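S.K.: In case you want the letters, here they are:
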Amino acid sequence: MTDPVPDYTGRDGRLELSAPATPEILELVHAMMAHLWTTHEVTAQQRVRFETSVIEILGNIVEHALVGSAPGDGRRFDIVLDVGRDDVVARLGDNGIPVEMDLSKATMPDELAEDGRGLALAKAALDSLSYRRIDGRNLWDLVVLRGGS
Amino acid sequence: MTEFGVETRADGVGVVTPEGRLNMVSARRLREVLVGLVERGTSRIVVDLGETTFVDSSGLGALIGGLKTARQAGGDLRVARVSPAVLSVFELTNLDRILRPRPSVDGAFDD
Numbered sequence: 080m081t082d083p084v085p086d087y088t089g090r091d092g093r094l095e096l097s098a099p100a101t102p103e104i105l106e107l108v109h110a111m112m113a114h115l116w117t118t119h120e121v122t123a124q125q126r127v128r129f130e131t132s133v134i135e136i137l138g139n140i141v142e143h144a145l146v147g148s149a150p151g152d153g154r155r156f157d158i159v160l161d162v163g164r165d166d167v168v169a170r171l172g173d174n175g176i177p178v179e180m181d182l183s184k185a186t187m188p189d190e191l192a193e194d195g196r197g198l199a200l201a202k203a204a205l206d207s208l209s210y211r212r213i214d215g216r217n218l219w220d221l222v223v224l225r226g227g228s
Numbered sequence: 041m042t043e044f045g046v047e048t049r050a051d052g053v054g055v056v057t058p059e060g061r062l063n064m065v066s067a068r069r070l071r072e073v074l075v076g077l078v079e080r081g082t083s084r085i086v087v088d089l090g091e092t093t094f095v096d097s098s099g100l101g102a103l104i105g106g107l108k109t110a111r112q113a114g115g116d117l118r119v120a121r122v123s124p125a126v127l128s129v130f131e132l133t134n135l136d137r138i139l140r141p142r143p144s145v146d147g148a149f150d151d
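Going down the list, the protein sequences come from chains A and B.
Going by my numbering, the first residue of the first sequence is number 80, and it counts up by one from there.
Going by my numbering, the first residue of the second sequence is number 41, and it counts up by one from there.
No wet-lab data here; the hints were simulated from the structure.
Check each hint, because a few of them may be wrong.
Here are the simulated DSS-like cross-link-like pairs (lysine-lysine), alpha carbons at most 30 Å apart as the crow flies [said to hold, decoys possible]:
| hint | chain 1 | residue 1 | chain 2 | residue 2 |
| --- | --- | --- | --- | --- |
| 1 | A | 184 | A | 202 |
| 2 | A | 202 | B | 108 |
| 3 | B | 108 | A | 184 |
Just so you have them, the derived chain B footprint on chain A, three or more residues with Cβ under 8 Å [as the list claims (entries may be wrong)]:
| hint | segment |
| --- | --- |
| 4 | 87 to 96 |
| 5 | 103 to 111 |
| 6 | 171 to 183 |
| 7 | 206 to 218 |
Computed, partial: chain B to chain A, Cβ under 10 Å [stated by the list, open to error]:
| hint | residue |
| --- | --- |
| 8 | 61 |
| 9 | 73 |
| 10 | 95 |
| 11 | 101 |
| 12 | 107 |
| 13 | 129 |
| 14 | 133 |
| 15 | 137 |
| 16 | 144 |
| 17 | 145 |
| 18 | 147 |
Every value quoted in this text rests on a predicted model; they were computed, and no experiment measured them.
C-beta atoms are modelled at their ideal positions from N, C-alpha and C, and glycine is treated no differently.
Can you build the whole structure from these sequences, using the hints too?
M.R.: Structure, rendered in structure tokens:
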């Protein structure tokens, strides 16, 4: 998959948040996305694909942030969300440990598995998902195209 | 904040109704509720998703965990009244084949 990295320059309607990487922060990110849908016409299918993927990646960040760390040790994330003319995009960054996985190998586990679906679900729901490690930070770019279903 | 309605009907079927979003926070609670029901002898369970607006992979994991626990106790877990948004997450993960959504809570154990 070719992974276009969204350019946030000129995306004046974007929403941004920087916060501790805790499970409780998920509700605030849900609220940010709900706000996006009040100001842009995005189909129900595109909304659910985007929301599910953002929460999966954020959940992954929160879980990694919690591994081997005590509460309040400075693990944070930031998120930028925007609806453009052609796409709905999110960039999530965090200062956690590097993610050791190959996105191209993220596949659905056995049907009766109780975990391990998050990244495969995000990949299936998005038009593009990319991960990079830059300057000690994990960066995730998520794209749903508005022209599709 | 997700609330859980829990009741056991006269026919012995437990009905769990998560209200709001099933994510990594509330999925933990759902697991506890489902295991608690089975431990108290209610192994036929309907999870009524009619009031559930969002499910992520943690929520799916809790449902699969509940299904396995119920089946090990000789019962089953069925899901009912699934919204189009939640159904699309079932379909993306192919879990619509395992958690075959039923249209109503009352008829969820008819087959």
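S.K.: State for each hint whether it applies.
M.R.: Here's how the hints hold up against the structure:
1. Annotation: proposed proximity of residue 184 of chain A to residue 202 of chain A holds, straight-line Cα distance about 10 Å (limit 30 Å).
2. For the proposed pair residue 202 of chain A and residue 108 of chain B, the alpha carbon gap of about 26 Å is at most 30 Å, so the pair holds.
3. Pair hint residue 108 of chain B plus residue 184 of chain A holds up; C-alpha atoms about 27 Å apart against a cutoff of 30 Å.
4. With 0 residues having a Cβ less than 8 Å from any Cβ of chain B, the segment 87 to 96 of chain A misses the three-residue criterion, and the hint is violated.
5. Coverage of the segment 103 to 111 of chain A by chain B holds [criterion: at least 3 residues with CB-CB distance below 8 Å; count 4].
6. Coverage of a stretch by a chain is defined here by at least three residues with a beta carbon nearer than 8 Å to that chain's beta carbons; for the segment 171 to 183 of chain A and chain B the count is 0, and the condition is violated.
7. Remark: the segment 206 to 218 of chain A is not confirmed as covered by chain B, as 0 of its residues place a Cβ nearer than 8 Å to a Cβ of that chain, below the required three.
8. Hint on residue 61 of chain B holds. Least Cβ distance to chain A is approximately 7 Å, under the 10 Å limit.
9. For residue 73 of chain B, the interface hint is violated, the least distance from its beta-carbon to any beta-carbon of chain A being 15 Å, above 10 Å.
10. Residue-level restraint check for residue 95 of chain B holds (minimum Cβ-Cβ distance to chain A is 8 Å; threshold 10 Å).
11. A least Cβ separation of about 4 Å between residue 101 of chain B and chain A falls short of the 10 Å threshold, and the interface hint therefore holds.
12. Among the interface hints, the one on residue 107 of chain B holds; its C-beta lies about 8 Å from the nearest C-beta in chain A, closer than the 10 Å criterion.
13. Checking residue 129 of chain B against chain A: minimum C-beta separation of about 6 Å stays under 10 Å; hint holds.
14. With a cut of 10 Å, the hint placing residue 133 of chain B at the interface with chain A holds, because the nearest CB-to-CB distance is about 6 Å.
15. At a threshold of 10 Å, the smallest CB-CB gap from residue 137 of chain B to chain A is about 7 Å, leaving the interface hint in force.
16. Among the interface hints, the one on residue 144 of chain B is violated; its C-beta lies about 23 Å from the nearest C-beta in chain A, farther than the 10 Å criterion.
17. For residue 145 of chain B, the suggested interface contact is broken, since its CB lies about 23 Å from the closest CB of chain A, more than 10 Å.
18. Taking 10 Å as the C-beta cut-off, the interface hint given for residue 147 of chain B is violated, the closest approach to chain A being about 24 Å.
Of the numbered hints given earlier, the model fails hints 4, 6, 7, 9, 16, 17 and 18; all others are met.
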